[in-house]
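Asks: Quick note, the sequences are listed as chains V and U, same order.
Positions 4 to 473 (my numbering) are the ones given, in order, by the first sequence.
Positions 53 to 223 (my numbering) are the ones given, in order, by the second sequence.
Read the hints as simulated data drawn from the structure, not as lab findings.
Here the structure is a predicted model, which means the values were calculated and not measured.
Even glycine gets a Cβ: it sits at the ideal position worked out from N, Cα and C.
Keep in mind that the hints are not guaranteed to be accurate.
These stretches of chain V come out as covered by chain U in the derived footprint (C-beta under 8 Å, 3 or more residues) [as the list claims (entries may be wrong)]:
(1) 149-155
(2) 163-173
(3) 228-235
Take a look at the letters that make up each chain.
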Amino acid sequence: MNSVGTSVHTAPSNAFSRIDSDILRTMGRPGYAYCAAVAIAALGLGFGAYAFSVQWRFGIGVAGYEHPVLWAIYITNFVFWVGIAHSGTLISAVLFLFRAKWRTAVARASEATTVFAVLTASLFPIIHIGRPWFFYWLFPYPNERQLWVNFRSPLIWDVFALSTYLTVSIMFLFLGLIPDIAAARDRCADWRKPIYRALALGWDGSHRRWWHYSSLYAFFAALATPLVVSVHSIVSWDFAVSILPGWHSTIFAPYFVAGAIFSGLAMVITLLIPLRKFLQLEDYITIDHLENLAKLIIVTSLIVGYSYITEFFIAWYSGNPFEQQTFYNRLFGDYWLFTWSMLICNTIIPLLFFSKYLRTNLVALFTISIFVNIGMWLERFVIITTSLSHDFDPANWSGLYQPTWVEVAITIGSFSMFFLLFLLFIKNFPVVSITEMKEALVTSNGEHQELRITSESLHSSAASSTGDSI
Amino acid sequence: MPTVKIMGVFDSGKKAARGINAIRKNDLGSVTAYSPVPDHALDHALERSVSPIRLFILIGGIIGCISGFALPIYTVYDWPLITGGKALISLPPFVVIAFELTILFGALSGMMGFLILARLPRVSRRTKAITVDPTFSLDRFGVFVSCDPKSESAVREALKLAGALEASRGA
């Protein structure tokens, strides 16, 4: 049974109503704090957009690229955001296949995280290329230049992987939303009703529709699982298929996938803690859920730590001087501060979650998740920049890469865009799956289990909520 | 032949399934069920087997896989340009494209199959009337029976006996 609290029993027949009213209530009139958050995110996005317009007008030279560091913050952001997307698919698809019922409460927010993170990530290759107005050249289509893309290039694999991932994630999110949007349509009384009516596609809960819906949902989970593994493997091959020391490594695919899930889980915790507080969803997204996420963070942190050790060990054991100097430079060169911060944030700090007290303490959870986010961003930066800055030719080792204000602003803009989309989503769509929460109450023989609510003071009696509107 | 439509409203899937079983056992009419969640009890009562949606996904996946190999192979022959000394048909990198397109086409055709099989989006005025009861997306289970006028009382009786909160004429 899903864990939605422990004390007061609500009559089974009222449990469904209560779920509806509790979750749909979150889509009600926004408060000042929400509006302020949206305004700040919009401002940040505007700042990023302005910086991009500067780069558009004056060219990529306004970024801090300097030979040989010709991939830097933009690609760091790209890999970071693709990574963030992965936990959503892990929670919504992989845990679904494993029948991990606790995922129910956090799956929707994670799926939304996936879609918005992939959207944000997919902007960065376009921002990074010198002439962004020609980005469509990345797609294979018959053209007047009579040229096709090079299908042997990992950058083209990225195009296919990301387009597929974005499309499948959007469909997965939308499919899960259809019955919930129908519930919102039936309860909504404001200007959004026609929008919900259109988006619900005329859903009426008939058995024929549920039958196909359940089947497709399971298939989407089955399709998304290998997809999520392939996407970050392909992103890792952007590096691993090259011959640059520090990049040319066979462990990159599993290492990146584990790192992606690790960072994504941290981002989900970072988002869920304020979300459950401000939307008063403590009865649904409980400490138990956050603790389970923290346990997954321990697992993925250990995999990432093991990968770091393997990388350094192989560099030493291979006896390859190029490989050795790269990793020596990574630890003790110009970027030592970033490397050591990354190591501490990703391999030491998350191990604090071995303590049950910290796993169940909201402040600790939030703080550690922020450290992991920072650590994983730094990991991508370290892999990209340190490897490029010390390539085969010592004459190229000119010194530190330093980002310009344009790169910093675009990075801020990307975070703002992600948070803005997430904020808009949570106020306009059910952020916890109403259907899955109800489904968790129904046992296989059709009996309702009891929904147990801890905080009676939060809501009025569920019995009166039948006619509630948003 | 004239028919009447009876809508039985239940507060649990198990009771609704009991109602459906009674109607079907006595061959009183054709049944459509409505529920706020997918419900296994209703699955059993309506004897649903496996959704044919898997065929859509399989066919889409196969088409995607073939396309994923065909597109790069066609393009390398359309403009034969040796890069990096590799064979024109370099299967390992093409597997990546084929893998992604298998999933993409499988998912797209699955979605298309869902919309076709579930008859969505639904815009018909006639069917819209059935869904007027918004409690079916909330906490109620509906059993909609289309039956001969002579069986009306028997249908109502069967639904009531199964635990229907109400059994009234539907639209």
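Asks: Does the stretch 149-155 of chain V contain three or more residues whose Cβ lies closer than 8 Å to a Cβ of chain U?
Replies: holds (count 7)
Asks: Three or more residues of the stretch 228-235 of chain V near chain U by CB distance under 8 Å?
Replies: The restraint on the stretch 228-235 of chain V holds, since 3 of its residues have a Cβ under 8 Å from chain U and three suffice.
Asks: Three residues or more, CB to CB closer than 8 Å: is that satisfied between the stretch 163-173 of chain V and chain U?
Replies: Holds, because 6 residues of the stretch 163-173 of chain V bring their Cβ atoms closer than 8 Å to Cβ atoms of chain U.
Of the numbered hints given earlier, the model fails none.
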